[in-house]
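There are 2 protein chains.
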Amino acid sequence: MSLRVGYLGPPGTYSHQAALQQFSKLETKREVSYLPQKSIAACFKSVNDGTIDYALVPFENSSNGQVVFTYDLFKEWFMNGGELKPKFKIISEQFVPIHHNLITYSDCIEKITKIYSHPQVWTQCREFLADLDVEKQDTSSTSKAVEILVQLNDHTTAAIASATASDVYNVPILQNNIEDNSNNTTRFLCLGHNPLSSSTTEEPNMHLVTFSIKENQQPGSLCDILAEFKSHGLNLASITTRPSSIPWQYVFFVEVWDGPGLYEVLENIKDLVTEVAVVGSFNRKLK
Amino acid sequence: MSLRVGYLGPPGTYSHQAALQQFSKLETKREVSYLPQKSIAACFKSVNDGTIDYALVPFENSSNGQVVFTYDLFKEWFMNGGELKPKFKIISEQFVPIHHNLITYSDCIEKITKIYSHPQVWTQCREFLADLDVEKQDTSSTSKAVEILVQLNDHTTAAIASATASDVYNVPILQNNIEDNSNNTTRFLCLGHNPLSSSTTEEPNMHLVTFSIKENQQPGSLCDILAEFKSHGLNLASITTRPSSIPWQYVFFVEVWDGPGLYEVLENIKDLVTEVAVVGSFNRKLK
Chain A
1 MSLRVGYLGP
11 PGTYSHQAAL
21 QQFSKLETKR
31 EVSYLPQKSI
41 AACFKSVNDG
51 TIDYALVPFE
61 NSSNGQVVFT
71 YDLFKEWFMN
81 GGELKPKFKI
91 ISEQFVPIHH
101 NLITYSDCIE
111 KITKIYSHPQ
121 VWTQCREFLA
131 DLDVEKQDTS
141 STSKAVEILV
151 QLNDHTTAAI
161 ASATASDVYN
171 VPILQNNIED
181 NSNNTTRFLC
191 LGHNPLSSST
201 TEEPNMHLVT
211 FSIKENQQPG
221 SLCDILAEFK
231 SHGLNLASIT
241 TRPSSIPWQY
251 VFFVEVWDGP
261 GLYEVLENIK
271 DLVTEVAVVG
281 SFNRKLK
Chain B
1 MSLRVGYLGP
11 PGTYSHQAAL
21 QQFSKLETKR
31 EVSYLPQKSI
41 AACFKSVNDG
51 TIDYALVPFE
61 NSSNGQVVFT
71 YDLFKEWFMN
81 GGELKPKFKI
91 ISEQFVPIHH
101 NLITYSDCIE
111 KITKIYSHPQ
121 VWTQCREFLA
131 DLDVEKQDTS
141 STSKAVEILV
151 QLNDHTTAAI
161 ASATASDVYN
171 VPILQNNIED
181 NSNNTTRFLC
191 LGHNPLSSST
201 TEEPNMHLVT
211 FSIKENQQPG
221 SLCDILAEFK
231 SHGLNLASIT
241 TRPSSIPWQY
251 VFFVEVWDGP
261 GLYEVLENIK
271 DLVTEVAVVG
281 SFNRKLK
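Chains A and B, in that order, give the protein sequences.
First residue of the first sequence? That's 1 in full-length UniProt numbering, and the numbers climb one at a time after it.
First residue of the second sequence? That's 1 in full-length UniProt numbering, and the numbers climb one at a time after it.
For reference, chain A alone in the conformation it holds in the complex:
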């Protein structure tokens, strides 16, 4: 049976690109089926119930920060008193450069009168669009924009989308890398039940830990938790918060570099937190 890999659809999204990046070089004899999912929540659910083996979900963008939907799903699955009992964890990460492309059947930019894309793209391609006198039409995803081009099949419209969308729908790229910031990168996480066979030779060097602090008006409750990590020589790579179910209280997410003391730290902070969970362990990829 082929390996079933889910991603936030439709085909041609940057999530699809992340899935291809993760699995196309996999040294395994198994075939890979890439299966678009309707939402990030569906990615979590399908990987948990085994409908798919792995799922790629967006987690953080270098310019825009947290993908809050994904953080909130980790919160729901891992921090609700263990009600959902997740069978999956994070097993890998992928950094995907976000390069936007002008995709069209037209051979000449002057013929284009209308461009379709996701609303976020307009602010990411401000310099390119400033010189054009075209109508901008919002779509639900960048790859949906290319799908619309296929239906229209004319030379006056274009889409702005990923190179993968151009491949998937077989519509040419007229101009590539039209984004203002060529360093814009999104980090995706791969969810699954088991480590990938290709990575079993490497020990994971990063852990994502989530916790909520005990209600405590004393100064230094977060400091005391972080001091435990420090005293075991464990360095944090990131720290961030999301609202908890209690208004104006927070769930914390920290990424911690691996070291011998992690599980001792988690034991030591038990009195300071209401809940704590390791969402996953994975190798830090090159950025």
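Please keep in mind that the hints were generated in silico from the structure rather than gathered at the bench.
No incorrect hints appear here.
Since copy identity is lost for identical chains, a pair holds within one copy or between any two.
Only pairs whose alpha carbons sit at most 30 Å apart, straight line, appear in this in silico DSBU-like list of lysine-lysine: (1) 214 x 285; (2) 87 x 45; (3) 136 x 45; (4) 45 x 29; (5) 38 x 136.
None of these values were measured; they are calculated from a predicted model.
Mind docking chain B on chain A? Use the hints.
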């Protein structure tokens, strides 16, 4: 001259409601003019150059978390090596309960075939909408939806928006509080050059501090900063991060309860940070 108070427009938004909440009970002889601004960035710019005296900007929602546009504007104004030299600071906060209302000229819900609102509203009124067989039409703001109703002037359309929007456009509320979560609240901050005269009798008890940590692969760099706050008995109310201009590095925002040692702490952490700024000091309002 009247007091000029800006807010994220158009009239009738929850930002408008925050402005009314902040200034309608002001014990001053001065008249207040409420001036809609085109964007949150325009609120910052207008208050800085003195076109308006105060501006209300959304900062955090109890369910959805950070309003990232506002955080990023604080980052731009206060954390770019002091290039922009802001003349304003945060001088107050307002908690605004988010209650959605079905606003329509119709006297009967069964006649309604189409509802206009901001896309976020659909997920916030899921239970109410589940029972209705209507077409949903996205608008750029909830109050824009009511403005459209006025133009249409018929009995088959409705908008979902704030009570302030119903007042501003004089269209009746057919059903109020149709949101799923009646505790959903947005916190707004008031920006200005000077404290409000009404609040001068009270000492501010909350400070918003922003800093970026020196590039440091040693464990415990954040811990060392928080330890300074702790050793001076200063409790944090919140901590959160946004991406800095360097990919995968972060700018921190902490809210700190007032205490005698704050400026000593800021002096002591100078060697641990590349930049640090107090964005403002204000009274914690009742939630």
